[in-house]
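Chains as they are written, first to last, in the working numbering: chain A, 1 to 648; chain B, 1 to 648.
Heads up, some of the hints might be wrong.
For chains that are exact copies, the list does not tell them apart, and a pair is met inside one copy or across any two.
In silico SDA-like cross-links for lysine to any residue, where the CA-CA straight-line distance does not exceed 25 Å [claimed, not checked]:
#1 550 x 350
#2 645 x 515
#3 269 x 621
#4 101 x 76
#5 518 x 296
#6 372 x 263
#7 269 x 326
#8 463 x 239
#9 269 x 538
#10 306 x 542
#11 568 x 578
#12 326 x 21
#13 327 x 259
#14 180 x 214
#15 101 x 567
#16 306 x 572
#17 306 x 627
Simulated from the structure, these hints should not be mistaken for lab results.
Letter by letter, the chains look like this.
There are 2 protein chains.
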Amino acid sequence: MENNLPSLRDFSAESLSHGNVKLLEEAARKARIDVLTMVTLAESGHPAGSLSSLEMYLTTYGVANLTPENCNSVDRDYVVISHGHTSPGAYATLAAWGFFKPLDAVANFRLCSSPFQGHVERNVPGIDWGSGNLGQGLAAGVGFALAQKARAHDGRVFVLMGDGEQTKGQVAEARRIAAKEGLSNITALIDYNHIQISGRTEEVMPVDVRALWEADGWGVLECDGHSFEELYTALRDGVNDEVPTVIICHTQMGKDVSYMEGVPDYHGKAPNRDQYEKAVRELGGNPDYLEKAKARRGNPVPSGRKIVTTINNLLYGEPRTYGSEKKTDNRSAFGNALADVGTLNYKREGSMPLLVFDCDLAGSVKTSDFAKNCPEWFVQTGIQEHATATTAGAASVAGVASLWAGFGVFGLSEVYNQQRLNDINKTNLKLALTHVGLDVGEDGMTHQAIDYVGLMRNMFGWKLLVPADPNQTDRATRWALREAGNVCIAMGRSKLPVITNEGGEPLFAGDYSFEYGKAAKVRDGEEGAIFALGAMTWRALEAWELLRNKGLNFKLFSVATPLEIDQKALEEASATGLILSVEDHHYHNGLGASLALAMAEGNLHGKLVPLGVRSYGASGRSEDVVAAMGLDGASIAAKAEACLKERK
Amino acid sequence: MENNLPSLRDFSAESLSHGNVKLLEEAARKARIDVLTMVTLAESGHPAGSLSSLEMYLTTYGVANLTPENCNSVDRDYVVISHGHTSPGAYATLAAWGFFKPLDAVANFRLCSSPFQGHVERNVPGIDWGSGNLGQGLAAGVGFALAQKARAHDGRVFVLMGDGEQTKGQVAEARRIAAKEGLSNITALIDYNHIQISGRTEEVMPVDVRALWEADGWGVLECDGHSFEELYTALRDGVNDEVPTVIICHTQMGKDVSYMEGVPDYHGKAPNRDQYEKAVRELGGNPDYLEKAKARRGNPVPSGRKIVTTINNLLYGEPRTYGSEKKTDNRSAFGNALADVGTLNYKREGSMPLLVFDCDLAGSVKTSDFAKNCPEWFVQTGIQEHATATTAGAASVAGVASLWAGFGVFGLSEVYNQQRLNDINKTNLKLALTHVGLDVGEDGMTHQAIDYVGLMRNMFGWKLLVPADPNQTDRATRWALREAGNVCIAMGRSKLPVITNEGGEPLFAGDYSFEYGKAAKVRDGEEGAIFALGAMTWRALEAWELLRNKGLNFKLFSVATPLEIDQKALEEASATGLILSVEDHHYHNGLGASLALAMAEGNLHGKLVPLGVRSYGASGRSEDVVAAMGLDGASIAAKAEACLKERK
């Protein structure tokens with residue numbers, strides 16, 4: 001689509017020409033009318049902040065090498081809108097720069113199934129990050145900037161933010177990562193209009209914006225956020241600076257609409273018809289535009305662009321096989337596989353970079369070997385999990401492979417909403433969680449991630465792998481790195497026996513290859529069935545042997561993908577009339593609950609006995625904690641035997 | 001228990017006497033031996049940070065008015081340990097100050113079912129906040145300080161922190177709340193030893209500690225963190241300051257053990273026997289202590305103190321009744337009930353304060369009337385949800401009633417781990433979530449809290465109320481405010497019809513009173529049963545009427561407590577052979593999943609059809625979004641009819 005705006009992209013001019021300023025001012029006038037028409041027609045939305053950010057939007061999308069033509073590639077600049085509720089301003093700006101027809105957005109704003117959602121989403125061309133929950137945008141921008149740097153690409157990243165969100169802790173975390181990593185390729189712009197929902201920012205929650213950005217190592221510029229000349233010059237100065245730069249843009253809430261200027265109420269309130277007419281006339285427009293837009297609403301609903309799932313392009317190497325003579329912890333098997341893949345690809349001509357993020361736990365989560373072998377791909381982000389989750393997620397859709405390894409409670413429980421936003425943004429993150437379940441050593445209840453299956457069950461896109469032993473971990477790790485989309489692999493802390501078949505050979509080696517959604521049948525029997533979640537398989541196998549010694553033969557299935565129940569295995573198990581599920585996870589929300597739902601939906605009968613965690617665990621050796629919960633082999637066997645007796 | 005240490009509590013001395021310094025130094029020497037013995041015996045734990053914090057611990061517990069005698073009351077000072085992994089140092093200090101016998105902790109550290117967990121928990125006398133996940137302690141301290149202020153009590157709060165956690169965003173949020181609220185009664189101490197797990201803090205993640213605390217409005221002092229004189233003087237100066245004060249304590253990791261000093265490896269590694277002997281001899285102790293402790297390990301396991309659940313003491317007023325002639329949104333009914341309770345108790349002689357927290361959403365979450373009527377009880381914490389969750393939680397166990405109201409995605413999804421820590425800490429928080437489910441207006445998928453039941457199902461103590469209409473909301477709100485422990489009430493945005501009985505009278509009024517765990521039977525029938533979650537009841541009732549008009553009679557149950565399934569209602573429903581569950585929540589983890597698990601555990605048969613959310617929702621009017629998900633009355637009825645046909 002054509003537009004009549006001047007390209008400002010190479011910053012060749014030291015300042016904006018008078019003619020270009022006039023063109024941009026006219027574009028701003030029209031965009032303001034678009035904003036007002038959008039929210040009036042939808043009868044909801046956020047007009048005043050959109051008007052406040054408008055010159056920032058128009059200038060940023062003008063200087064950024066982000067166009068309708070290149071916006072689906074990765075060789076370009078990125079723009080992140082952190083205050084996603086100002087979507088009307090963003091849509092009006094993107095239309096002005098030719099990403100789509102203005103009326104498409106104006107007519108279909110906040111209409112069910114339209115891409116022009118209340119908060120910006122990635123299926124609108126030109127939107128690089130879906131936001132809405134405040135405070136996440138800067139961390140996403142840092143992820144894009146890290147990816148650019150790792151790819152040795154000279155693209156830049158611009159992050160537009162509100163002033164209310166300057167108080168969010170995640171912003172500070174992201175600032176520090178940018179400064180530490182020397183990301184001179186990122187520029188943030190703050191819409192500093194001093195108004196948030198509850199009133200003036202100074203009264204709602206005072207924050208010394210300039211001092212905090214400076215303390216965290218950023219260059220700070222200030223400008224009139226409604227002056228195209230000043231915005232252009234500040235952006236140009238920021239781009240040429242050697243540190244990450246923030247531009248504090250002094251603006252006015254509701255700019256150019258007399259009754260909205262400086263009024264907090266218009267943060268999230270649409271004008272009525274009379275107010276609309278008044279505003280449009282003030283802007284020299286024709287209020288009939290509203291009727292024209294109304295006639296187009298939903299007629300048709302625009303489809304938006306398709307988000308293509310990112311696919312990694314690495315060499316994944318050959319699986320390692322761990323023999324049954326020795327116990328190995330799954331996290332070490334993961335670390336070995338990761339180091340294998342890293343070493344195979346590091347410095348290999350044409351390889352995609354594989355960034356591995358760490359929040360001060362590399363030794364425990366076994367990414368140290370990778371760090372040693374691939375130092376430039378290892379990103380230490382400190383004890384800053386919220387920013388790291390978003391940063392690693394954004395990087396994963398910007399031309400690099402991206403993995404974050406952390407304890408279960410830090411990589412998921414602490415940052416659940418960030419991982420949910422990664423899900424919404426259809427990122428390609430690989431998340432390695434260690435110390436899950438009760439298997440955290442003696443660290444106690446705060447560190448026991450007994451909720452990771454439950455948390456992932458709230459998502460729609462994440463895949464979750466919970467391997468049974470080091471061999472399955474190796475294969476699952478390589479599978480995860482290759483698989484498109486968000487994949488999480490969850491592991492405990494302890495060394496585990498290798499699971500073997502009845503002949504004593506490793507079950508998850510040789511011909512075995514990892515298959516998502518398939519339960520592994522470890523042993524057969526007729527009296528009942530046991531489903532064990534991942535690393536609980538060896539304990540269930542202990543139980544199986546105790547039962548067999550009493551002449552009680554159970555089926556034993558090992559489940560590595562609790563979000564995708566193997567319906568065939570479940571039917572076979574259900575036919576026995578008795579199913580026990582075994583997991584060191586909250587029994588409400590893990591494997592047992594998944595089986596119960598699958599049985600109910602499939603109308604499969606039989607008694608289900610969900611063995612799991614029913615209170616916060618104690619601090620002690622893992623085997624003591626597990627036994628105290630009745631989840632050791634002997635307890636499982638006793639429970640299975642009791643259930644059989646009850647039935648007879 | 002007696003101790004031979006001097007009381008430093010009234011700060012009457014300008015500085016510590018030489019004699020007192022000597023007594024404290026001797027206590028520190030013994031405590032260091034206790035620390036080393038603990039971790040050596042448990043073969044795990046965090047020795048080096050414990051040694052680093054030891055003088056800070058001993059001095060703080062010396063000056064704090066927190067004693068074995070008063071530690072179960074609220075009229076005293078509070079001490080929060082944010083770097084909870086340094087528990088050995090804390091236990092050794094508490095023992096030195098007479099809270100329990102040293103050998104109780106030394107022998108039973110990190111032993112299953114002992115209170116002396118790897119990370120400090122509240123069942124150890126003298127521990128005011130269980131921690132372990134870094135960065136939360138300051139926010140807890142702010143909650144205690146706010147409670148003291150609201151109670152007009154002159155008690156003080158001391159928060160001990162690590163240096164690694166200075167990067168956590170939540171710390172910055174908590175700082176700002178303290179400064180804005182003028183909490184001169186709080187003092188923070190940072191153990192600045194420059195070492196974290198991965199190496200020197202300056203290299204892992206640089207942070208200008210002094211500049212950030214100053215920028216956020218705190219007074220900053222510095223001292224030698226191993227000098228009792230300097231610590232005492234700094235604490236005295238901080239207590240007398242008119243702003244919140246932080247003391248940067250310059251310390252040495254592993255202090256006084258030659259081979260541990262400045263070595264990151266000893267962050268989380270216990271010494272072996274030889275190393276233990278060497279360390280104890282360096283400290284002038286007798287290594288035989290280890291054997292003595294070993295003999296006592298688990299023999300018996302000490303029981304710890306019982307955490308008494310806090311009970312609010314307010315007047316709760318009479319319920320309001322909303323007539324069926326008018327629709328009302330549940331959030332307004334909540335806001336009215338809250339304002340009623342506030343007004344009844346505000347300025348009432350002897351009333352417990354009721355603090356209501358807001359993160360810049362009062363108008364939308366309907367706490368504005370409360371704020372107007374009870375201004376001194378209303379705490380505006382800005383867009384800082386992480387700190388607010390912890391602050392509100394801590395306040396709730398410090399002599400005030402505490403409620404936080406926010407959108408579902410902000411009050412729970414964004415701060416899930418903070419609410420989990422509130423659960424672990426057995427707080428007494430009331431959490432009002434609005435805009436849950438698909439009922440968020442046009443804000444779109446980032447704002448749709450379709451996971452709140454699933455998140456709460458990961459907890460053990462939280463109660464969750466999802467009322468069906470304004471009448472049930474009113475009664476549930478008053479019930480929640482009165483009920484001990486953590487209670488969450490979840491509401492959508494839209495105005496809803498009042499649910500009536502077959503005679504047309506409001507069902508949740510008159511003789512009705514809210515009962516936790518009881519499903520309300522709205523209509524009867526024999527063909528099958530429908531369970532509707534909270535505010536979906538009116539849509540299910542629409543479906544019920546459509547079905548009845550076709551001669552198909554279903555039972556209809558309204559479920560307000562999805563975490564506690566009404567087993568009797570479920571049995572009655574199951575007997576029909578067909579159950580549909582209806583909720584605007586992820587179908588994996590909400591009411592349907594709870595019913596499935598309860599059916600499986602109860603061995604109840606019948607087909608269960610869980611109707612719920614199966615993809616992220618669009619941005620549009622709530623009724624459009626709900627219809628697009630097949631959750632409107634007509635779709636529910638059609639599904640029920642199809643299920644009946646399938647069965648026949």
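Cross-check of the supplied hints:
1. 550 x 350: neither (59 Å within a copy, 67 Å between copies)
2. 645 x 515: neither (36 Å within a copy, 37 Å between copies)
3. 269 x 621: between (56 Å within a copy, 15 Å between copies)
4. 101 x 76: within (22 Å within a copy, 65 Å between copies)
5. 518 x 296: neither (48 Å within a copy, 49 Å between copies)
6. 372 x 263: Result: close only across copies, 20 Å inter versus 55 Å intra.
7. 269 x 326: between (65 Å within a copy, 24 Å between copies)
8. 463 x 239: neither (39 Å within a copy, 52 Å between copies)
9. 269 x 538: neither (58 Å within a copy, 28 Å between copies)
10. 306 x 542: neither (49 Å within a copy, 37 Å between copies)
11. 568 x 578: Both. Shortest intra-copy (16 Å) and inter-copy (23 Å) distances satisfy the 25 Å Cα cut-off.
12. 326 x 21: neither (72 Å within a copy, 54 Å between copies)
13. 327 x 259: For residue 327 and residue 259, neither the intra-copy (72 Å) nor the inter-copy (31 Å) Cα distance is at most 25 Å.
14. 180 x 214: Classified as both; 13 Å inside a copy, 21 Å across copies.
15. 101 x 567: Classified as neither: same-chain Cα gap 47 Å, cross-chain 56 Å, threshold 25 Å.
16. 306 x 572: neither (39 Å within a copy, 47 Å between copies)
17. 306 x 627: Only across copies: residue 306 and residue 627 sit 24 Å apart there, 50 Å inside one copy, limit 25 Å.
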